[in-house]
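**Q** Listed here are the chains, written in short residue letters.
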Amino acid sequence: MMRRFTLIAVPYVWLLVLFMVPFLIVFKISLSDAALAIPPYAPTMRDGLATLLSELDFENFVFLTQDDLYWKAYLSSLRIAVLSTFLTLLVGYPIAYGMARAPDEWRATLMMLVILPFWTSFLIRVYAWMGILSNEGLLNQFLIWLGLISDPLVILNTTIAVYIGIVYTYLPFMILPIYAALDRMDTSLNEAAEDLGCSRMQAFWLVTIPLSKNGIIAGSFLVFIPALGEFVIPSLLGGSGTLMIGKVLWEEFFNNRDWPVASAVAVVLLLILVIPIVLFQRNQQKQQEAEQ
Amino acid sequence: MPFFKERTIVSQTVFAPWDDPNQKPLIRFQNVTKRFGEFVAIDDLTLDIFAQEFFALLGPSGCGKTTMMRMLAGFESVTEGKIELSGADIGHVPPNKRAVNMMFQSYALFPHLSVWENIAFGLKRDRKSKAEIDARVDEMLKLTRLEKFSKRKPHQISGGQRQRVALARSLAKAPKLLLLDEPLGALDKKLRQDTQFELMDIQETTGTTFVIVTHDQEEAMTVASRVAVMDEGRIIQVATPANIYEYPNSVYVADFIGDVNIIQGTAAAKGPETYAITWADGQAPVTATSKTSFSEGQEAHLAIRPEKIGISAQKPENADNALQGKVLDIAYLGNLSTYHVQLPGGQIIKAQTANTRRIARRDITWEDPVWISWSATAGVLLAQ
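Chains B and Y are the protein sequences, given in the same order.
For the record, in the first sequence the residue sitting at position 127 is 126 according to numbering that gives the first Met the number 0, with numbers rising by one throughout.
For the record, in the second sequence the residue sitting at position 235 is 234 according to numbering that gives the first Met the number 0, with numbers rising by one throughout.
Just so you know, the hints here were simulated from the structure itself, not pulled from any lab data.
Values in this document were obtained by computation on a predicted structure and should not be read as measured data.
By construction, the Cβ of each residue, glycine as well, lies at the ideal position given by its N, Cα and C atoms.
Be aware that a few hints might be false.
[As the list claims (entries may be wrong)] Quick list of in silico lysine-lysine cross-link-like pairs, DSSO-like style, CA-CA up to 30 Å:
{"id": "1", "chain 1": "B", "residue 1": "K212", "chain 2": "Y", "residue 2": "K96"}
{"id": "2", "chain 1": "Y", "residue 1": "K123", "chain 2": "B", "residue 2": "K285"}
{"id": "3", "chain 1": "Y", "residue 1": "K96", "chain 2": "Y", "residue 2": "K188"}
{"id": "4", "chain 1": "Y", "residue 1": "K127", "chain 2": "B", "residue 2": "K212"}
{"id": "5", "chain 1": "Y", "residue 1": "K152", "chain 2": "B", "residue 2": "K285"}
{"id": "6", "chain 1": "Y", "residue 1": "K150", "chain 2": "B", "residue 2": "K212"}
[Said to hold, decoys possible] A short, non-exhaustive set of chain B residues, derived as facing chain Y with CB atoms under 10 Å:
{"id": "7", "residue": "V9"}
{"id": "8", "residue": "P10"}
{"id": "9", "residue": "D185"}
{"id": "10", "residue": "A202"}
{"id": "11", "residue": "L210"}
{"id": "12", "residue": "I215"}
{"id": "13", "residue": "K285"}
{"id": "14", "residue": "Q286"}
{"id": "15", "residue": "A289"}
Please work from the sequences and hints to get the whole structure.
**A** Following this line, the structure appears as structure tokens:
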């Protein structure tokens, strides 16, 4: 009984210390007011518990609804996250499919190639994209050399660059769960579908896609959730024209030094993410039940 | 020992289209060869299969039986030769355009669809009306006694039920030819025997031509109207189960089907269609009849089934062949006992008797000196 309790306690203590406590601190800051002090908000515990509690309010959350910068940034983030998840799926599915149907002796190598980019720092890889996408970058030089274009395309510092960055960065998170689902699939199912009158294409839509559904859902959430709060990619590749909530949060925190508003932005972002996270968990659970 | 269900054919005549030269075969393999790179899977094979047959392809794994079936289904192309279905070459017809359906060894049921949807899958591809599909699926559910499970998913039913869903799904489109790849391989022995009879009943009711692939000789003998014994991409013998068992054309077939004693020796003519086989030093030659002729001194193999050999404590009178030996081992199978009798030269001959008396009253036991005997017509004399 005691052992079992200890075993269950470990993840709960982990969650409490590394998630619940920091969240409560952030939430408390979001209810405070900005101040020229260290730390830059008031009230703090030094003012005594009674004063502390009496001076907390939802003013910052009200402020978020008043300035249209914030809800525009949330909406724009949502749009970018949804679209880039969809693009990642379009690119990732054929790769996962090719991997799952590749000869056995190739698979380990292909898997390695998918994971390989993780061996380099994420920041360096995004910087590399700046070198590729800029006006004098590799891509433009190559296209001009080919004679396809005469003037360089403006890609860097546009939303397109953000999409490219997100699709590139999160592609492995899409490929791996889809590959896992396709790899488990019995190829005789496709033969059975063809035997019963399907063309190759119909068999793909009626059998392969439905049976890799769980992989698609898992991959999509694994891309969507981090993409929504993404900060590095829009600030390095997106330029000033791209509005994303991660960037807004950074600016509130470091440029304006307005910790309370930054915290309020973070709390709202978390609330938005709770919905897909819960859906993701439910999908995983359903998958496990189906396998039993 | 395999047992055969006598086939009930509606007409008075015996069902044997393969003996009638005027019958057109449903399937005709003409000098078909299939190579995978260097490996020859099917070697210049010619074979006719007739409508309404229950045809079994029997052989060890790797003999090419599955390749033959996959060529019929359209999943493998033919390297040389051609395959005809109802007189038309089907070499370039893709699987989805063939009037052939297949029941897969793994059943290949669609896990995301219910039993009903699995059976309806092929019908929906034909763009049949909803009423037609409903009627046909209900008919199939009834045929395979699955009415109660129509809403279940494949993982919610037993192995035997899954097997029946696979059968119903492949029969739903009323194919000219149904291919069954090791259809009972995943079932346990008792269920397998029941299902064999069920398969035969369904084959007779629907009048569909069945081609079954199996490595289980008992299964092939039980269900099939004809059996083709295969080895290394060739067909060694095609015949009815009874003829395969009683008149194998080679030692390979005799050995593959059931239990057999092989006595190897040299033949010498003894009378009309009768030969004496000298088989061991210090032993009298054994006598056997044979319709195929053997030249003087030709190597010959006498194949005799254990149940055709009698065993007795006293020397039997009037036996064509009688040899003395001692009982080395007794395999008690309940209904039958197999005696392993060792001859003075060390050879072991198996003799089988039905246990019509209780075990306590059996008069032969281990180490007993016994006589084994058989008639001149009991065995088959084979050149190779």
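**Q** Would you mind confirming whether the straight-line C-alpha gap from Y:K127 to B:K212 stays at or under 30 Å?
**A** The given pair, whose Cα atoms are some 28 Å apart, holds under the 30 Å limit.
**Q** Is the hint on B:L210 kept, meaning its closest Cβ partner in chain Y is under 10 Å away?
**A** Hint on B:L210: holds, closest Cβ of chain Y at ~6 Å, below 10 Å.
**Q** Does B:K212 pair with Y:K96 here, judged by a C-alpha cut-off of 30 Å?
**A** holds (28 Å)
**Q** Does the nearest C-beta of chain Y fall within a distance shorter than 10 Å of the C-beta of B:A202?
**A** Cβ of B:A202 sits 8 Å from chain Y, so the hint holds.
**Q** Given B:A289 as an interface hint, is its Cβ closer than 10 Å to any Cβ of chain Y?
**A** holds (8 Å)
**Q** Min Cβ distance, B:I215 to chain Y: is it shorter than 10 Å?
**A** With a minimum Cβ separation of about 13 Å from chain Y (threshold 10 Å), the hint on B:I215 is violated.
**Q** Below or equal to 30 Å on CA atoms is what counts here, so check Y:K150 against B:K212.
**A** Judged against 30 Å, a Cα distance of about 21 Å means the pair holds.
**Q** Can the hint on B:K285 be confirmed by a CB-to-CB distance to chain Y that is less than 10 Å?
**A** Since the shortest Cβ distance to chain Y is 13 Å, the answer is violated.
**Q** Run the distance test for Y:K123 versus B:K285: straight-line Cα separation, threshold 30 Å.
**A** holds (29 Å)
**Q** Does the structure keep Y:K96 and Y:K188 at a Cα separation of 30 Å or less?
**A** violated (36 Å)
**Q** With the threshold set at 30 Å, check whether the alpha-carbon distance from Y:K152 to B:K285 stays at or below it.
**A** Distance of about 15 Å is within 30 Å: holds.
**Q** Classify the hint on B:Q286 as holds or violated, based on whether any CB of chain Y lies nearer than 10 Å to its CB.
**A** Nearest chain Y Cβ about 12 Å off; hint violated.
Going down the numbered hints, you'll see the structure goes against 3, 7, 8, 12, 13 and 14, while the others check out.
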